[in-house]
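Trainee: Use the sequences and the hints to build the structure in full.
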Amino acid sequence: MLEVRDLHAAYGDAPVLFGASLSVKEGEIVELVGSNGAGKTTLIRCVTGLLRRRRGTIEFKGDRIETHPAHEVVDRGIACVPEGRQMFPSMSVEEHLLLGSYLRRARSRRAENLSRAYELFPRLKERRRQEAATLSGGEQQMLAIARALMSEPRLLILDEPSLGLAPVVVGQVFRTIAEIRKLGMTILLVEQNVQKTLRMADRAYVLESGRVTLTGTGSELLGNDLVRKAYLAL
Amino acid sequence: MDLIGFVQTVASGVLTGGVYAMVGIGLSLIFGVMRIVNFAHGEFMAVGMYIAFALFRSFHLDPYLSLVVVAPAGFLLGAFVERVLLAPIQNAAEHSLILMTVGVGLILSNSLLLIFGAHPETIYTSYSTRTVAIGPVTLSVPLLVSFALTVIVVAGLFLVLTRTDLGRAIRAAAQNRDAAELQGVDTRFVQTAVFGIGIVLSMAAGVLLLPALYVFPTVGGIFTLKAFVVTVLGGMGSIVGAIWGGLLLGIVESVGAGLGATGYRDAFGLIAFLLVLLVRPQGLFGSSHV
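Just so you know, the protein sequences line up as chains A and B, in that order.
In short: position in the first sequence from 1, add 61, done, that's this note's numbering.
In short: position in the second sequence from 1, add 82, done, that's this note's numbering.
Think of the hints as simulated: they come from the structure by calculation, not from any bench.
Here a beta-carbon is modelled for each residue, glycine too, at the ideal position from N, C-alpha and C.
Among the hints, erroneous ones may be present.
Said to hold, decoys possible - Pulled a few chain A residues facing chain B out of the computed Cβ check, cut under 7 Å:
1) Gly98
2) Leu111
3) Thr128
4) His132
5) Val135
6) Asp136
7) Gly138
8) Cys141
9) Phe149
10) Pro150
11) Glu156
12) Leu160
13) Leu164
14) Tyr179
As the list claims (entries may be wrong) - Negatives, chain A to chain B, calculated, CB over 10 Å:
15) Gly88
16) Glu120
17) Ile126
18) Ala167
19) Glu173
20) Leu181
21) Ser212
22) Pro228
23) Val230
24) Gln233
25) Asp286
Mentor: Right under this line is the structure:
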C-alpha cells in the first residue's frame with residue numbers, strides 16, 4: 062500500500078535521511094523505531110507531503126505521491142496524527158473534528174463520522190465545546206487521533222502518540238490504537254516506547270542516522286539483542 | 083464641553099471608529115494567517131475610494147451601491163497581488179515582504195496620482211450633510227449608514243469564520259499551518275483568499291468613508307498608520323481586538339478634536355496608541371489567534 066524507496070531528505074544544508082526504504086501492506090500495523098534524531102519524523106513529514114524529499118520515491122496505492130502537497134496526500138487517503146499533537150489552540154473540540162472532515166469526499170458522511178468519533182471517545186463528547194488548549198495531554202492525543210479518522214483514511218500514521226503523556230494515559234492511547242486496528246485500519250506507528258508496542262506490530266523497521274538498519278516482525282525485533290540493548294536497556 | 087456635547091462627540095467617534103475597525107480587521111486577518119504586515123493597506127483603501135468616486139462622477143452611482151463593484155474588484159486585486167507578488171517570496175526574509183507591500187502601496191498611490199491628479203476631490207450626495215436627531219444628540223446620516231453597513235459586514239465575516247468550512251480552514255491555517263494542511267486544507271489557497279478578503283474590507287471601508295472625507299491620492303498613508311494602530315491596540319492577529327481598537331481610536335480622535343484641537347485629531351490617536359503600548363505592549367487583547 063505504501064512503498065518508500067531510497068528516501069533522501071534534508072533541512073536546509075543539514076541532511077537527515079540517507080536512502081531510507083520501508084513498505085506497509087494493506088491491513089498491517091508497521092512500527093518505525095529509532096532514537097531521537099534518527100530521522101523518523103522527517104520520514105513521516107516526507108510521506109505526508111509537509112517536507113519535499115531530495116531524492117527517492119514514495120508510492121501509495123500504486124501512485125507516486127512524493128511531489129504532492131500535504132493536502133492532496135490526505136485526499137488520497139493518508140491521515141497523520143503528527144508529533145506533538147498539533148492542536149488548533151483556540152478552536153473547540155468539535156471544530157477540530159469538523160476540520161478533520163474538511164475534504165470534499167469526507168463531508169457527505171460528516172455527521173455519521175462525528176457520532177462514531179464521539180462513540181470511540183466519549184470524553185471528547187463531554188468536552189465538545191471546550192477549546193483544545195484547555196484539554197489535558199491525553200485528551201489532546203485522543204482528539205488528534207479522532208480528527209485524523211474524520212478524513213476516512215486508508216492508512217493512519219501516528220508519530221510518537223505516547224510522547225509526553227503519563228504512563229496510565231499511554232496505556233489508554235495504545236489500547237485505542239489496537240481498537241482502531243481491529244476495525245481494519247492500516248497503521249504506520251512511530252514509537253520510542255518499544256516494549257509496549259512491538260508486540261502489537263506485524264513488522265517493524267529500525268531507523269538509525271537516516272538509514273534503515275534492521276527489519277523484521279515485531280517479536281523478532283523484541284528478541285533481537287541490539288534492539289534490547291539500544292531501546293529496552295536490558 | 084457639556085454632557086450632551088460629550089455624548090455627541092463619543093457617538094460620532096464610535097461611528098467613525100466602526101469603519102476604522104473594518105480597516106483594522108483586514109490588516110489583522112492578513113497578519114494572523116500570513117504573518118505579513120500589509121503596509122499597502124491604506125493605499126488599497128484609497129483605491130476603493132477612487133473607484134467609488136469615479137463611478138459617482140461618471141454614472142452618478144450612489145457610493146453605497148458602488149460596494150457591489152468595489153467588493154469583487156477588491157477581492158480580485160488582493161488575490162492577484164498575493165499570488166503574483168507575495169507568494170513567490172513568502173519564504174524570504176521578513177523585510178523582503180515588508181518592502182514588497184511598501185512598494186505595492188507606492189505603485190497604487192502614484193497610479194492614482196497619474197489618473198486622478200493631486201487635487202482633493204469630494205462627492206456631494208443628497209444626504210451628505212443630512213443629520214438625524216436622537217434626543218438632543220444629532221448624528222450625521224452618511225456616518226450612520228456607514229456604521230450600519232460596517233456592522234453587517236463584520237457580522238457576516240464572523241459568521242463565515244465560525245460557521246463555514248472555509249472560515250474554519252482560515253482559522254486553522256492561522257493557528258497551525260502544517261496541521262491545517264494535514265486536514266486537507268490547501269493553505270496556499272487560503273492565503274490568497276485571506277489577502278483578498280482583507281483587501282475587500284479595506285476598500286469597502288474606503289467607500290464607506292467617501293461621503294464624509296476628501297479623497298486625494300496619498301490619503302492611504304494615514305490610514306495604513308491608523309489600521310496599524312487599530313491592530314496593535316487590539317493585539318496583532320485578533321479580530322475582536324481590532325474591533326475594540328477601532329472604536330477606541332475613533333472615540334479618542336473625536337474627543338480630542340472636540341476639546342478644541344481639530345487639527346490635532348490624528349495626534350490624539352497616536353498619543354493614545356503610545357500610552358497603551360507603554361502599559362500593555364502586547365495590545366489590549368494580546369492574542370495572536372484569529
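Trainee: So which of the earlier hints does this model not fit?
Mentor: Violated hints (numbers, rising): 1, 3, 7, 14, 18, 21; every other hint is consistent with the structure.
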